[in-house]
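J.: Spelled out from the first residue to the last, the chains are:
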Amino acid sequence: MTSPTASSNVPGTLRPVPAPSTAGAASPRRRIVAQSAFEAKMILRNGEQLMVTILLPVMALVGLSQTSIIDLDTAGRSRIDFVTPGVIALAVMSAAFTSQAIATAFDRRNGVLRLMATTPLGRGGLLSSKIIGVLTVEAVQVVVISAVALVLGWRPDPVGIPLALLAVLLGTAAFTSLAMLLAGTLRAEGVLAVANIVLVLLTVGGAVLVPADQLPDALRHVALLLPSGALGEALRGAFFGATIPAFSLVVLLAWTAGLGWGAGKLFKWH
Amino acid sequence: MPSNTPAVEISGLIKRYDGREIVRSLDLVAQRGQVTAVLGPNGAGKTTTIECCEGLRVPDGGTVRVLGLDPLTQGAELRARVGVMLQDGGLPTSVRALEMLTHVSSMYADPWDVGDLVERLGLASFARTTVRRLSGGQRQRLALAAALVGRPELVFLDEPSAGMDPQSRLAVWELIRALRAQGVSVVLTTHLMDEAEDLADQVIVVDHGQVIAQGSPAELVAAGGRGSLTFWASPGLETLSLAAALGAGVQEADPGCYTVTVTVAPGTLATLTRWCADRNILLSRLTTGRRNLEDVFLDLTGRSLR
Chain A
1 MTSPTASSNV PGTLRPVPAP STAGAASPRR RIVAQSAFEA KMILRNGEQL
51 MVTILLPVMA LVGLSQTSII DLDTAGRSRI DFVTPGVIAL AVMSAAFTSQ
101 AIATAFDRRN GVLRLMATTP LGRGGLLSSK IIGVLTVEAV QVVVISAVAL
151 VLGWRPDPVG IPLALLAVLL GTAAFTSLAM LLAGTLRAEG VLAVANIVLV
201 LLTVGGAVLV PADQLPDALR HVALLLPSGA LGEALRGAFF GATIPAFSLV
251 VLLAWTAGLG WGAGKLFKWH
Chain B
1 MPSNTPAVEI SGLIKRYDGR EIVRSLDLVA QRGQVTAVLG PNGAGKTTTI
51 ECCEGLRVPD GGTVRVLGLD PLTQGAELRA RVGVMLQDGG LPTSVRALEM
101 LTHVSSMYAD PWDVGDLVER LGLASFARTT VRRLSGGQRQ RLALAAALVG
151 RPELVFLDEP SAGMDPQSRL AVWELIRALR AQGVSVVLTT HLMDEAEDLA
201 DQVIVVDHGQ VIAQGSPAEL VAAGGRGSLT FWASPGLETL SLAAALGAGV
251 QEADPGCYTV TVTVAPGTLA TLTRWCADRN ILLSRLTTGR RNLEDVFLDL
301 TGRSLR
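As given, the protein sequences belong to chains A and B, one line each in that order.
So the first sequence is numbered by the UniProt record's numbering: it starts at 1 and just counts up by one.
So the second sequence is numbered by the UniProt record's numbering: it starts at 1 and just counts up by one.
So that you can see chain B by itself, here it is in the shape it has in the complex (with noise of 0.2 Å):
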């Protein structure tokens, strides 16, 4: 099996349920030892890509290839080296935390240490409740748990920050990037920008079962057009001379607010400041507008609820 091959390989992906095309002919790339974040709205089609991936759905067309193994006539091969946190976590009730963590744990021939991820995952302050009475942060860090106890090459995470709380987040997003300094390669869906801002090598944005963009977040933030700058003063600036001396259009938004379209370099600052000292201008305040993955994303996909 050469490890060359990407983590994830899908090429013209078509799911279906009853008629109704959610994945239409999507093609995706996910590289080992990377984190790829599948960003995109609810019903996006993000869910039923990673379940074709995991082998809970049998595609109504196009490949799959996971670690170079297809998961419906592999899939035992790929069950020992892959792990899977699902969006609904998939923890029976009536069973202790801790108790069902330890049994996953006992699929797995050399599993992580069992004690050792409940500390890193803080599971120890529930770890003999029964999943039944756990909240939905910690139902999620222990499915977490249980998706990395076999120490797999590859993880597929299924939104696994959903219902956390900032101290959970943190920790977990950690233990991604540990995991990734490991070379363990990691897909997970999200629709938290600043997670896959914060964690992702590669973001892949879905909708309406397709990809309409990927890149880094830097790249995706950068392709989504120049940046701006605003400031504020007092109103009724000259904003034709300030326009000519800054080479970009200058526009008074708001009394007093300024924006100006320019690729913001650290020279335009210095001119900005300048032409404001030469007319005794105080800037009341000053923001190098660079958009956020949020600002991409919703360009993307529209600001109307769906």
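Chain A on its own, in the form it takes in the complex (with noise of 0.2 Å):
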């Protein structure tokens, strides 16, 4: 066991290290914190990441609100009051969807799944953080476009604000699973590829920016369907009218049963 070669120039190295711990793991309270403030941060300061959450949706809300590029049937309101909805729609889409599933996709390449699961946080500490991370980065994402929006001359209703959380908490659980479908699955080089492709075509196509019934006739009944949609016109439901429609409703909880369900069983940690 012992070597003449034995580092005496590595200094402290002979010292006797500290005895196992016999305290354990922290509180589950302690690990979820740290790993959700962990994942918000990451996200927060990645630059491409920042891109994609923050400045898109900021851009559609300044864009949309402060030219007519886009022909836009507002019934009456402000560009600014029938657009900002549409825009947080969209930040959800960002956050819970593209932004993650290529965060975890790559997190799985490089075995940070597989590593944060033998610590004690596990694998589902490791989920309900990425949950909470994305919800903190929502939080951030509201505020901004809030405040941006606000500054524009929005001028929302405050009877619909808790239906607005609710329709963004169910968004979030829709395009997460989704997220993580996509990432437990494809390579992380496909993910990045086909996160973003997703979001523009969904951005463009999928009811999220522009309601439903101003679409073509052909994506109108598709866009009523899928997630984007439901988001979208939930959120103008609670800001424009106070209330979700049930259709709604029903298409975000049938995706994350759905998408759920696929990533619990197809999701490889390798």
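Any given hint might turn out to be false.
To be verified - If you only want the chain A side, here are some residues facing chain B, beta carbon under 8 Å, derived:
{"hint": "1", "residue": "PRO18"}
{"hint": "2", "residue": "SER21"}
{"hint": "3", "residue": "ALA23"}
{"hint": "4", "residue": "ARG29"}
{"hint": "5", "residue": "ARG30"}
{"hint": "6", "residue": "SER36"}
{"hint": "7", "residue": "PHE38"}
{"hint": "8", "residue": "MET42"}
{"hint": "9", "residue": "ALA75"}
{"hint": "10", "residue": "ASP107"}
{"hint": "11", "residue": "ARG114"}
{"hint": "12", "residue": "THR118"}
{"hint": "13", "residue": "LEU121"}
{"hint": "14", "residue": "SER146"}
{"hint": "15", "residue": "ALA147"}
{"hint": "16", "residue": "GLY190"}
These aren't lab readings, by the way, just hints derived from the structure by calculation.
Model, not experiment: these values are computed from the prediction.
C-beta: ideal position from N, C-alpha, C; glycine also.
Dock chain to chain to rebuild the complex, using the hints, since each chain is given by itself in its own frame.
T.: Given below as structure tokens:
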């Protein structure tokens, strides 16, 4: 066991190391708070992630409310009132889906998921922390978007705010499930491509920024069945009429159940 | 929980990928408080076996017990007591080295002092560098620190010194010895013979998903057959006469290079030098050819590339 080459040149290594701990794991709450903060920090410090989660929705907000490049029938509302709920839906999609799918896919490829799964955090703690991390990023998004929108003249009906929060939670559940399904089954580079393309397609034709009834006929009914359309309609319903269409709720719950089941079954940790 | 159960006890482990059996009814015991080296060529099934112990893979057959617990159903208890260093590191690339280590430490109630670990493993020079920009050896040291920061009873180290410079390797080996001195059980995989020979109490040689040999490094080397003796002198010596004197076979392998097949004892050398002195023969070089673990390993697993 002894070796004449023992590294006397490395300071401090001859001191005894601490004995094994008998204290065990930190409390579940502490672990999850630490991991959630870590997850949110990694997203908000990454340039590309900031672009898709913060810059993109703010550009959509300013572009759609301050220019008439896209013709919108606002049914008598100001453009900013009409557009902001959809921009919040876009923000939810970018954080819960695109950003999370890419982050999880690369963590999976780099073994980060497996390493954290061997710490007291475990797989369950990791998933909970990812969800709380997403909600944290969304909180930042909503603050930034609301601030910009308020400056641009947005006057939301306060009655709609609790319903809007419910819509955001349901949309987050559906889109995080989709993110996990992709991240757990495709190669990281594949996820990078698919997650961005799907975001673009859903934004353009998925009734996120523009209500379904203003889409071309062929898209209208499909869009209402998509999680993007359901989230967009739910948020517009909350802010415009202080009500969420039951149909949108059912669609979001159905996507969450289906995608969550698929992710649970198909997610590969390796 | 009786603490006299082995650190790791595997019996009849089977693991298949896509129908191909990677681990084929493998049995293995790693005792507590010891350093156990799992040695084998690439693709032998070392990492898969370790990952079954870490709860990262579900075995297709057999039983795995770690500290007497089942990694699949009692994982929560195990995760607080077992440290893991993965072969591919498992470090997120966008965070700084020290930030990552501090974060992992927050998962434990009473972790190792991060500053002390940083000093012991020489992490200070890159503590504020993002993981993406670290060298392979630096990442390995950080991953090792992350495996130890929870002050585990048992650590799994998958090729701990891969990609490290010699200084880092010595520091890592020294730390592993210090852990063992504190009663920590260490299970490491390696294909570095000197690592196994220097560190391990027990070496387990795995090939094609099975254990093909095990024992202490000394036992493995001794079991590999009789030692031999090689010396160099002038060509054309009377090998028959020498063989009679030594009571062993002597061959002139190359002109002037002689091998003696014998279990080398101190008297063997005295006999040889006396035989030479009587004939005024000068030995220019002499080695007692104690085989090392590398020879044993190559004998066991073959010398061809795979």
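J.: With reference to the structure, classify each hint as holding or not holding.
T.: Hints, verified against the model:
1. PRO18: 6 Å, holds
2. SER21: 4 Å, holds
3. ALA23: Cβ of ALA23 (chain A) sits 4 Å from chain B, so the hint holds.
4. ARG29: 12 Å, violated
5. ARG30: 7 Å, holds
6. SER36: 11 Å, violated
7. PHE38: The hint holds - PHE38 (chain A) has a Cβ within 8 Å of chain B, the shortest such distance being about 5 Å.
8. MET42: 6 Å, holds
9. ALA75: Where the cut-off is 8 Å and the nearest Cβ of chain B is about 44 Å from ALA75 (chain A), the hint is violated.
10. ASP107: Nearest chain B Cβ about 6 Å off; hint holds.
11. ARG114: 5 Å, holds
12. THR118: 4 Å, holds
13. LEU121: 5 Å, holds
14. SER146: Hint on SER146 (chain A): violated, closest Cβ of chain B at ~28 Å, above 8 Å.
15. ALA147: With Cβ-Cβ at 27 Å, over 8 Å, it is violated.
16. GLY190: Violated, about 18 Å.
Comparing the model with each numbered hint stated earlier shows that hints 4, 6, 9, 14, 15, 16 do not hold.
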